[in-house]
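Student: For reference, the chains in residue letters:
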Amino acid sequence: DAMVIQNPRYQVTQFGKPVTLSCSQTLNHNVMYWYQQKSSQAPKLLFHYYDKDFNNEADTPDNFQSRRPNTSFCFLDIRSPGLGDAAMYLCATSRDPVYEQYFGPGTRLTVT
Amino acid sequence: QQPVQSPQAVILREGEDAVINCSSSKALYSVHWYRQKHGEAPVFLMILLKGGEQKGHEKISASFNEKKQQSSLYLTASQLSYSGTYFCGTEIQGAQKLVFGQGTRLTINP
Numbered sequence: 001d002a003m004v005i006q007n008p009r010y011q012v013t014q015f016g017k018p019v020t021l022s023c024s025q026t027l028n029h030n031v032m033y034w035y036q037q038k039s040s041q042a043p044k045l046l047f048h049y050y051d052k053d054f055n056n057e058a059d060t061p062d063n064f065q066s067r068r069p070n071t072s073f074c075f076l077d078i079r080s081p082g083l084g085d086a087a088m089y090l091c092a093t094s095r096d097p098v099y100e101q102y103f104g105p106g107t108r109l110t111v112t
Numbered sequence: 001q002q003p004v005q006s007p008q009a010v011i012l013r014e015g016e017d018a019v020i021n022c023s024s025s026k027a028l029y030s031v032h033w034y035r036q037k038h039g040e041a042p043v044f045l046m047i048l049l050k051g052g053e054q055k056g057h058e059k060i061s062a063s064f065n066e067k068k069q070q071s072s073l074y075l076t077a078s079q080l081s082y083s084g085t086y087f088c089g090t091e092i093q094g095a096q097k098l099v100f101g102q103g104t105r106l107t108i109n110p
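Protein sequence lines correspond, in order, to chains R and S.
With this note's numbering applied, the first sequence covers 1 to 112.
With this note's numbering applied, the second sequence covers 1 to 110.
Treat each hint with caution, since some may be false.
What the hints assert, rightly or not - Below are the DSSO-like pairs computed for lysine-lysine, each with C-alpha atoms no more than 27 Å apart in a straight line:
| no. | chain 1 | residue 1 | chain 2 | residue 2 |
| --- | --- | --- | --- | --- |
| 1 | R | Lys38 | S | Lys26 |
| 2 | R | Lys52 | S | Lys37 |
| 3 | S | Lys68 | R | Lys38 |
| 4 | S | Lys68 | R | Lys44 |
| 5 | R | Lys38 | S | Lys50 |
| 6 | R | Lys17 | S | Lys50 |
| 7 | R | Lys52 | S | Lys97 |
| 8 | R | Lys44 | S | Lys26 |
Stated by the list, open to error - Across the chosen pairs, the derived CB separations fall in these ranges:
| no. | chain 1 | residue 1 | chain 2 | residue 2 | range |
| --- | --- | --- | --- | --- | --- |
| 9 | S | Ser6 | R | Glu57 | 21 to 31 Å |
| 10 | S | Asp17 | R | Asp77 | 41 to 51 Å |
| 11 | S | Gly15 | R | Ser39 | 47 to 57 Å |
| 12 | S | Gln2 | R | Asp53 | 21 to 31 Å |
| 13 | R | Asp96 | S | Gln1 | 38 to 48 Å |
| 14 | S | Gly39 | R | Asn55 | 27 to 37 Å |
Derived from the structure by calculation, the hints contain no laboratory data.
Model, not experiment: these values are computed from the prediction.
Don't be surprised by glycine CBs; every beta carbon is placed ideally from N, CA and C.
Bound-form chain R, shown alone (with noise of 0.2 Å):
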C-alpha cells in the first residue's frame, strides 16, 4: 500500500546532540510538511517543501532545518536539541497544497 514512513518512530537524544528525522512517501507527492506536535495542541507546521521549493515558517527557529533530496524522501535535522523541543513531529504528503494530506505515525522525541 502506498503510505508515509517515518524513521525512526521514537528517538532519544541528549540536550545538544544533533538529531535526524526522516521521512519517505510512496504517494508521489509533490508536497512534503514537517509539523511539530505537542500534548493536547495542534499540529504546528516547521516548514513544508513544494517539489524542491522550500517554504519556512517564519516562526520556525534556526535550529530546525530540512532536506528534501529527491521526491519521495525529506529530512528534519534539530542541530541542538533543547527540552523545549521534546515533542511528537509528524511528516506529511500531499498531491498539492489544497489537497488532503497524508501523515505519517509521527517520530516522538525524547530530549535528556
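Given the coordinates of chain R, work out where chain S should sit on it, guided by the hints.
Tutor: Relative to chain R, chain S alone:
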C-alpha cells in the same frame, strides 16, 4: 491566525449527534477536517473549498459559510469509533498551507 474551534470537548452516548465548529478571522480558500486518535497520526476526513466543492470519503458531513469564514462538522448517529480529537485546518488563499485549530476532543460512551 489560528482558527478557533468550539466546543473544546464533547461527551456523547453512542448514537447521539455532534456538531463541531471552526471559525477564522481571515478570508478562507478551504477548510480541512482531520481526526486524530490518541497516539496516532491525524487522518483526513473532509475538505470544503470556496465555491462549494466538497470532498470527503466518510459518513460525515460538513458545511462552509464563506461569508462568515466558518465551517461546521456534523457527526450523526455517532459510533464508538468516532472518538478522538477533531482538528480543522484552514487555508488562506495563496498561502498553500494549513493552520490547525486547537482541536475538539470527542468522547463517545456506550
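Student: Take the hints in turn and mark each one as holding or not.
Tutor: Results for each hint:
no., hint, result
1, Lys38/R / Lys26/S, "holds (25 Å)"
2, Lys52/R / Lys37/S, "violated (32 Å)"
3, Lys68/S / Lys38/R, "violated (30 Å)"
4, Lys68/S / Lys44/R, "holds (24 Å)"
5, Lys38/R / Lys50/S, "violated (31 Å)"
6, Lys17/R / Lys50/S, "violated (45 Å)"
7, Lys52/R / Lys97/S, "holds (16 Å)"
8, Lys44/R / Lys26/S, "holds (18 Å)"
9, Ser6/S / Glu57/R: 21 to 31 Å, "holds (26 Å)"
10, Asp17/S / Asp77/R: 41 to 51 Å, "holds (46 Å)"
11, Gly15/S / Ser39/R: 47 to 57 Å, "violated (31 Å)"
12, Gln2/S / Asp53/R: 21 to 31 Å, "holds (25 Å)"
13, Asp96/R / Gln1/S: 38 to 48 Å, "violated (22 Å)"
14, Gly39/S / Asn55/R: 27 to 37 Å, "holds (29 Å)"
This entry does not satisfy hints 2, 3, 5, 6, 11, 13, going by the numbered hints stated previously.
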